[in-house]
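Undergrad: Whole structure, please, built from the sequences with the hints as guidance.
2 protein chains.
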Amino acid sequence: MAKYDTSLDQIFTALGDPTRRAILTRLAAGPASVSDLAGPFDMALPSFMGHLAKLEAAGLIETEKTGRVRSCMLNPAAFAPVRTWLDEQRDIWDARLDRFDDYVTNLMKEHRNGPRSQD
Amino acid sequence: MAKYDTSLDQIFTALGDPTRRAILTRLAAGPASVSDLAGPFDMALPSFMGHLAKLEAAGLIETEKTGRVRSCMLNPAAFAPVRTWLDEQRDIWDARLDRFDDYVTNLMKEHRNGPRSQD
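Residue numbers (my numbering), protein chains in the order written: chain W, 973 to 1091; chain R, 973 to 1091.
Take the hints with a grain of salt, since some may be wrong.
It does not matter which identical chain is used: a pair holds within one copy or between any two.
Under the rule of at most 20 angstroms between Cα atoms (straight-line distance), these lysine to any residue pairs were calculated in the SDA-like manner [what the hints assert, rightly or not]:
| id | residue 1 | residue 2 |
| --- | --- | --- |
| 1 | Lys1026 | Thr985 |
| 2 | Lys1081 | Ser1005 |
| 3 | Lys1026 | Cys1044 |
| 4 | Lys1026 | Pro990 |
| 5 | Lys1026 | Gln982 |
| 6 | Lys1081 | Ala1016 |
| 7 | Lys1037 | Asp989 |
| 8 | Lys1037 | Leu1079 |
| 9 | Lys1026 | Gln1061 |
| 10 | Lys1081 | Phe1020 |
| 11 | Lys1081 | Asp1066 |
| 12 | Lys1081 | Met1021 |
Calculated from the structure, these hints are not laboratory results.
TA: Next up, the structure:
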């Protein structure tokens, strides 16, 4: 039953941390070097690099080393599977509501037609 | 910098597991008892209950006990913060692209106007 999607696992897990979400928000405004990114966070660099590694493994960011500077940039396309999954859930839910609407509409029709057929 | 949002942490972390996503997909189609839900999963009941507890703590599902049967239902409103967060990221990204478009448009105008002013 459970369709296993490693990529969604990694993306959602990566998004489940406030530091990682803040990094993504910063990178949505434009690329940045690791040291510029790390600046505002009160965190040891190895821990910060661990967060970047999880974002990169999930495909949410890309990094590139030029000389001694590592630059990070957002990969906005990586959010697409999340939106797709959310849309799928909504479609299933909406279909259920539609069935419920039909059910209620039919009940009301039967109720309205019922007494009239007895006239 | 990192705006701490416990609720988003819990929601994203809850979504980062294939069993929990499959439970949500099943519940999008309508409420179900714990035993009906657990049926298709090859998993010990305590582990399965652990997944349900995480979904409930994140607000994604609600459970209700009637007699000896515990029913689970989706709480579709709990997905709203996820969509809001995704939309915010997209807005920041789009604003960045708009600024880049303006920059390129201005460059092209300057390039076009440049030689003409020398005529």
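Undergrad: All hints, please: hold or fail.
TA: Verification of the hints:
In this assembly of identical chains, the alpha carbons of Lys1026 and Thr985 lie at most 20 angstroms apart whether taken from the same copy (9 angstroms) or from different copies (14 angstroms). When the C-alpha separation of Lys1081 and Ser1005 is checked against a cutoff of 20 angstroms, the pair qualifies neither within a copy, at 65 angstroms, nor between copies, at 31 angstroms. In this assembly of identical chains, the alpha carbons of Lys1026 and Cys1044 lie at most 20 angstroms apart only when taken from the same copy (13 angstroms versus 32 angstroms across copies). Both within a single protomer and between protomers do Lys1026 and Pro990 lie at most 20 angstroms apart by alpha-carbon distance, with minima of 13 angstroms and 18 angstroms respectively.
With identical chains, the CA atoms of Lys1026 and Gln982 are at most 20 angstroms apart both within one copy (8 angstroms) and between copies (17 angstroms). For the identical chains of this complex, Lys1081 and Ala1016 are neighbours neither inside a copy (67 angstroms) nor across copies (47 angstroms), given an alpha-carbon limit of 20 angstroms. In the homo-oligomer, the alpha carbons of Lys1037 and Asp989 never lie at most 20 angstroms apart, since the shortest distance is 25 angstroms inside one protomer and 32 angstroms across protomers. Within a single copy, Lys1037 and Leu1079 get their C-alpha atoms no closer than 66 angstroms, and across copies no closer than 29 angstroms, so neither meets the 20 angstroms cut-off.
In this assembly of identical chains, the alpha carbons of Lys1026 and Gln1061 lie at most 20 angstroms apart only when taken from different copies (18 angstroms versus 26 angstroms within one copy). Taking the shortest Cα distances, Lys1081 and Phe1020 never come within 20 angstroms of each other, neither inside one copy (62 angstroms) nor across copies (42 angstroms). Taking the closest pair of Cα atoms, Lys1081 and Asp1066 never come within 20 angstroms of each other, the shortest separation being 22 angstroms inside a single copy and 49 angstroms across copies. Neither within a single protomer nor between protomers do Lys1081 and Met1021 lie at most 20 angstroms apart by alpha-carbon distance, with minima of 63 angstroms and 42 angstroms respectively.
The structure fails to meet hints 2, 6, 7, 8, 10, 11 and 12 from the earlier list, while all remaining hints are met.
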